[in-house]
Amino acid sequence: MGTTRMDRRLFLKAAGATAGAVATVQVGCLKYFKKGRSSAADNREVPTTCELCPNKCSAIAVVEGGFVKKLNPNPENPKSRDMLCARGNAAIKQVYDPDRLKQPMIRVGARGEGKWKPVSWDEAFDFAAKKLSEVKEKHGPEASLWSSTEGFQEVFFKNLGLAFGSPNLVRHPTLCLASVNLAYSATFGTVPSFDLLNSKFVIMSGANRFESIITPDTMDLIGSVMERKAKLVYLDPRFTVTAAKADEWYPIKPGTDLAFILAMIHVIIKENRHSKDFVTAYTTGFDQLTEHVKQYTPEWAEKETEIPAADIVRIAREFSDAAPRALYYAGRRSSWYQNDFQMRRAQAILNAIVGNWDQLGGMVPNAKLPKGEFLFMPWDEPKAARVDEIEKHFPLAAKGDGVYLKLRENVLSGKPYPVKAWMVYKQDPMNAMPDQAKTLKMIEQMDFIGVIDIHMSDMAWYADVVFPESTYLERTDPVEVMPGIWPAVVYRQQVVKPIHDTKPNLEIVQGLAKRLGLSDYFDYTIEQWVEAEFKELPIPMAADHMKKHGVWAASGQPSFGKTLNPDHRFVTKTGKIELFSERLQEAGYDALPVYSAPVPPPNDRFRLILGRVGYFTHGNQSNNVWLNEFMKENDLWINPKPAERLGIKDGAYVNVTSSVGSVKLKVRVTEEIRPDCVFMLHGFGKKSKMQSLVYNVGASDAVILETAWDKVSGNAAFHETFVKVANA
Amino acid sequence: MAMKKRRYALVIDSRKCINCKACVVACKAENDVPVGNFRNWINEDRQGEYPKLRIDFEPEQCHHCESPSCARVCPTGATWQRKDGIVLVNYDECIGCRYCMIACPYDARYFHEESGTVHKCTLCNHRVDRGDVPACVETCPSKVRIFGDLEDPASRIHELLATRRYHVKEPQTGNGPQLYYLL
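These protein sequence lines map, in sequence, to chains G and A. Numbers given in our numbering equal positions in the first sequence, counted from 1, plus 1. Numbers given in our numbering equal positions in the second sequence, counted from 1, plus 5.
To be clear, the hints were calculated from the coordinates, so they are not data collected in a lab. It is possible that some hints are incorrect.
Taking lysine-lysine pairs in the DSSO-like style, the calculated list, with each CA pair at most 30 Å apart, reads [as the list claims (entries may be wrong)]: (1) A/K88 with G/K633; (2) A/K57 with G/K304; (3) G/K159 with G/K131; (4) A/K148 with G/K633; (5) A/K174 with G/K230; (6) A/K148 with G/K549; (7) A/K57 with G/K230; (8) A/K57 with G/K232; (9) G/K563 with G/K372; (10) A/K148 with G/K369; (11) A/K148 with G/K70; (12) A/K57 with G/K70; (13) A/K174 with G/K725; (14) G/K201 with A/K174; (15) A/K57 with G/K642; (16) G/K400 with G/K712; (17) G/K416 with G/K393; (18) A/K148 with G/K548; (19) A/K57 with G/K667; (20) G/K400 with G/K384; (21) G/K563 with G/K369; (22) G/K574 with G/K295.
Being a predicted model, the structure only gives us computed values, none of them experimental.
Just chain A, with the same shape it has in the complex (with noise of 0.2 Å):
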């Protein structure tokens, strides 16, 4: 059988998310995330004045970038990218070294002081692979992220980012990020 080609990819609807934290504590439980790091967080942004206010959140975690500086600068390859876009690291081959940490535009990453390497968001691969969405987007109270593949077009992602408005977080960096946050 012919592998097809597959991109996959989140699509984040903000304005859904209520700042629950289902996300960051699902991964904390699927990925074995230790007390005091994160790989996935949600960020706030508060404005205004009494009684003119607002509040935005925006779940954020790597961004699985097309051309992701974090695995440019890997001394020893350990990061790579998988051909469906998901960025790993390969654990026996890292050194601790973080320059990927320095590297990465959204500090997405951390050092496990446990086992001295860099982990960070896999996307949940091991879900991915076994035909089920990443933890985070399944536990979602309000199904902020959309989670598929790009090269899909009957996905649903793929439907969004033809027919909605959307922004990627540093674009200029030339990473390419693939977290795709609605207007």
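In isolation and in its complexed conformation, chain G is listed as follows (with noise of 0.2 Å):
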């Protein structure tokens, strides 16, 4: 060729005119694998979008004699920005992962004792319909529980669930972006993006952008922080790969950012920085504001925080210049204080004081593009109410998510009612909950469990049945439309036949339906169901583009300002961006947010803090063994100065004690945190033997941490637990 690189795009194009020709001859560990083989001669890329974490990264799998070989990213995504991380990559593991599920399984043993015997699908769905029908026959439909976690696929399960009739459907938000969500639908009416590419200050409270990976966030902040052409100041009891590229870190008092937040309101009011003709055309209750927040001065902040008075004088300065090209930013598991949902709020309302709404470099409400539905048979409303009583509790809740920890406290008492079944989809309660001992009660007194999964998470191996899903590269999904500034739609379609006799959700969900007499509301196919949502896309041919591309975005540069004339009605109750909020305040909490000190650890114990890093950020992630090779065993983080004290030795092992449970994990004993802080890393420590790398090496965070929740939101509060750090 006479250039040296072709554009990709081009390249495509080149590719797909020459399908085929491109392929390489390669040894390697996949022949391992040669039942996976379809053909030796099949040679494709196959547009499809990433499973690996909620991003929903495009990319374009390239099968080599039949096996996928490699996952490139795609560019026509922009929100995924040309790029697949790590996880993204490994995706290919997945599939030729020896410790996946290969079959249906039903437990022989005892549960948990790993005694498993393999069966047909008939057998599974038969066993499974028959332990539903009989608590449905004796305590109600109410009577079973839903647990699942996003994805393509999970509406089916969802709908089975409902169709099922029962109102106690769990989705994880509680356990991670409930507050985050609520807190800008009680501002703003909704939950917005926040475009990082072109901003020009940012703030971020512990949102760790570059280990927790978010499209198109992560790229587009890096780009700007590292080019000069943003700053970004960044709190955070832990020195995370963030705050090593911020502009200026904060090693925060743990708990204590909304008193940050609420000094910078102070400073930006007091000092007549607001955008004044933004707050009066578009927001509510700036007077209300004003008055509440004259008692937050920086020089109190200072002492609830440990950031000094004129740092935070000079940073609400700087942000209130920059704006409307600054960012508080909101951030993603958002689970961390009981006061999560108050905190979120002060960081609406300083951004919308500043007047960054709907600008460039600001916050944009999210762009959307049409799809159609495919249209199934309505099944009634379930008559019960929710077990987690979530209307009392938490009537600003999403009801559809539900609440987690509320609805386990729930099922154990037994009020309001028995719950005696449990259907798992994609998500692993042992490790997401808190408190793993009380999961395992929860687990105890259920007559039935079943876990759809691609493999063996703790709560598959706690079950009844086990229903093996085909991983991504193996399905074809439902269209997705990926809301945002860049928004996109994203197609999976399958790349490889399943290897093991695995089966998609729908038809798992379409196996119990049958047997449990709902057919009827799951007489589709995928195929059909993808059909109808392609038909409303506006391009020419859709069907074709989206299996030929893998994903649609329209053309053309993200707008703004689209909300910003003063007959936009926000979806709040004032139809004004509501700063002091009646809705809160007649549901009973707070109007504005008010501050509270968090309790400090006790003389002898530290504050337990979590966090990810880029290649583990899902529970699974850490059995996938091109990622297990980055870090094999998680271990506790502690600042030298306690080391010491305690005669705590680097890379010896402690116990890591709480009042709940108690591990056992290596120290590293690091400068890279508070003193009054311990760090430790989510997703080691299985139970599942059939998670084979970490089966019990490392500790899994859920065994110490408490229950506690966010007041509004029932999000749950990971950051609540005190532990003592002791020689083993």
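Got two chains here, each in a separate frame; can you build the complex from them with the hints?
Printed below as a string of structure tokens:
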């Protein structure tokens, strides 16, 4: 070829024209998986959508000799920014993982003993349907619990739960980002995106964006910060990669972020630095806010946060100077403290008063793209009220998602009614929920547990029947609209046929529905479902386009300011951006964020904080052989000062004990953490022997985390546990 | 058609590296690198005392040197260099003596147990030859590595090296490494 580097788009075109011609001969580990080979001459490139985390990046699967050989980023998706992270690249090892669930299995020993009998799909379906029917007959359909995490095929699972008659669907948000969603919704009537590509000043509270990868935020921010287009101020008790890249890092006293934000609002209003025009035109409650924040001086905040008052004042000034291209970034997995909702509310208010709403470099309401919907037969609404009593305890929370920890409390107490069957899709409540001993008690009292997953999670390990789902590279899934500043429609199509006796979730749901007498509600194929969705995409030959490209994004630049006209009504009670919220007041909450200081750890204890690294974010990734190489065992970070005081040496093992459990961890004595905190990584210490790389290696945070939740959203508060650390 | 002279190299903007390991896993898949071996890696330098701290990350792989010591010591000529600068191992001629592993100043090579030969980064020559960039370059979330032809005055790497300060690792070896780290 005459050129040294061809444009990737051009290359794809060329590769499409000469399909298969680019195959190269390679020897290597794939040959151990001859079983998965469809045909030696099977060489293709198939665009699809990654499933290793919720970002849904577009990828192109390279099939060589019938194997998925490589996943390349697909540059056509503006949200995924032409990249694929370590997890995305390692998805191949999900398919060819020797630990995978390869056929349906029914438990034969005691729960958790790990004795299984491989069974046919018919046997597995019959068994589960019988058990579910028994529970329904004895206790009513509401005695069944349907747990799931997000994913393109989650909809079928949820629909099965509803068609079965249970109101008790419980989803991941209250273990993740319910507080941030609720706080921004309460203020703006929607949860916006953050334009980190164009922002000039960004503040992050613990949102460790350079290790917890979110597209396009991570890529946009690293570019802006490193090219000196943006300034990043970062608050975190731990020196993370984000801290290392930030212009300023403050090891804030844990749980005091709200004080910092309130003091910033105080400075901005006192110095008249807010956007008067914007506040007048679009917000309500500014006078109450002004009065409310008078008490929150920078000097007061310094005592709470340990961030010098002079810095708070300076940051507030720099932030408002940079506005509207200034952001207090919301982050995800916002489940930290019991005041989480109000802390996120304060961020939203701060963002609002500097007028960064719907502006270049500010917060932007998500643009959406249209798609069709498959119309299926509707069922009667479940009659019973939810077992978590969400309307009574969390009137503002998302009803369809439920509140995980309150739900567990109620199931354990048997009030308001007993729950005896637990169906789980693609989730591991054993490790996702704090206080594993309590989850085990909940498991003990179930008459039946069925789990659908691609691998033997700890939850599956305690199930009565396990339904193996095909991995994403072996399935075709519903079409998804990814809203955002750069919205896209993404499609996941089957790359290779299932290499084991597995099924996509829809077919598992249909197998169960048939035996539960619910077939009418699931009388369709994935092809019909997807076809209906394609139909209303506003592009010609939509189905062909999506199959060929895997993604469709509206062309052109993002638009800003659509909601900035005086007639725009925000989806709030007043139709304005609510700085002061009557709705919160009526529900019995603080209408403006009120600070209360966190309880400090007793002298002999540390606050346990959690986090992620770029290559493990979700619990099962530590058992991926290509990711496990980077970290074989999680450890406990402790500052040298307390380590010396306790006689703890780097590399030694310690017992880490809370009021609910104790784990043994290797110690990492490091300067990179506050002396009053210790840190451990999520995703190790598995009980399932079919997580062979991490079975009994390191420890699970769920064992020692105590049960606590944010008062408004019900979001689990993961940073409210104090632990004792002692040499093992 | 007269062949234009080419010299492939990588410019690396380490400050943008977030140690996410995407490049390492992409290389594993692309080049069938066995578990336990690596053709590329990320160096970490952690310094300071709480709260005055810093961490620097620095991706590294074969430097595809101008005058590669690995090729000089190879008794069979298995390690060779293409005209465009890419240093490769001809596995048919490699006898697995591993002199090259000792001679490499960057420890960029590993012994491939299954084949009994020495492997290392090929700059994804199979991708480059079909007009694509190496897997590590393409997959990177923050686009830390920039791949290109130093002989092409219009290339991005040419421009970067002409306008930015940079360094190479271990220049004293006389190997003439071709991984350029921006300062």
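Hint check:
{"no.": "1", "hint": "A/K88 with G/K633", "result": "41 Å, violated"}
{"no.": "2", "hint": "A/K57 with G/K304", "result": "21 Å, holds"}
{"no.": "3", "hint": "G/K159 with G/K131", "result": "19 Å, holds"}
{"no.": "4", "hint": "A/K148 with G/K633", "result": "27 Å, holds"}
{"no.": "5", "hint": "A/K174 with G/K230", "result": "29 Å, holds"}
{"no.": "6", "hint": "A/K148 with G/K549", "result": "26 Å, holds"}
{"no.": "7", "hint": "A/K57 with G/K230", "result": "24 Å, holds"}
{"no.": "8", "hint": "A/K57 with G/K232", "result": "19 Å, holds"}
{"no.": "9", "hint": "G/K563 with G/K372", "result": "21 Å, holds"}
{"no.": "10", "hint": "A/K148 with G/K369", "result": "28 Å, holds"}
{"no.": "11", "hint": "A/K148 with G/K70", "result": "23 Å, holds"}
{"no.": "12", "hint": "A/K57 with G/K70", "result": "44 Å, violated"}
{"no.": "13", "hint": "A/K174 with G/K725", "result": "45 Å, violated"}
{"no.": "14", "hint": "G/K201 with A/K174", "result": "34 Å, violated"}
{"no.": "15", "hint": "A/K57 with G/K642", "result": "15 Å, holds"}
{"no.": "16", "hint": "G/K400 with G/K712", "result": "16 Å, holds"}
{"no.": "17", "hint": "G/K416 with G/K393", "result": "14 Å, holds"}
{"no.": "18", "hint": "A/K148 with G/K548", "result": "28 Å, holds"}
{"no.": "19", "hint": "A/K57 with G/K667", "result": "25 Å, holds"}
{"no.": "20", "hint": "G/K400 with G/K384", "result": "14 Å, holds"}
{"no.": "21", "hint": "G/K563 with G/K369", "result": "13 Å, holds"}
{"no.": "22", "hint": "G/K574 with G/K295", "result": "26 Å, holds"}
Hint compliance for this structure: hints 1, 12, 13, 14 are not met, and every other hint is.
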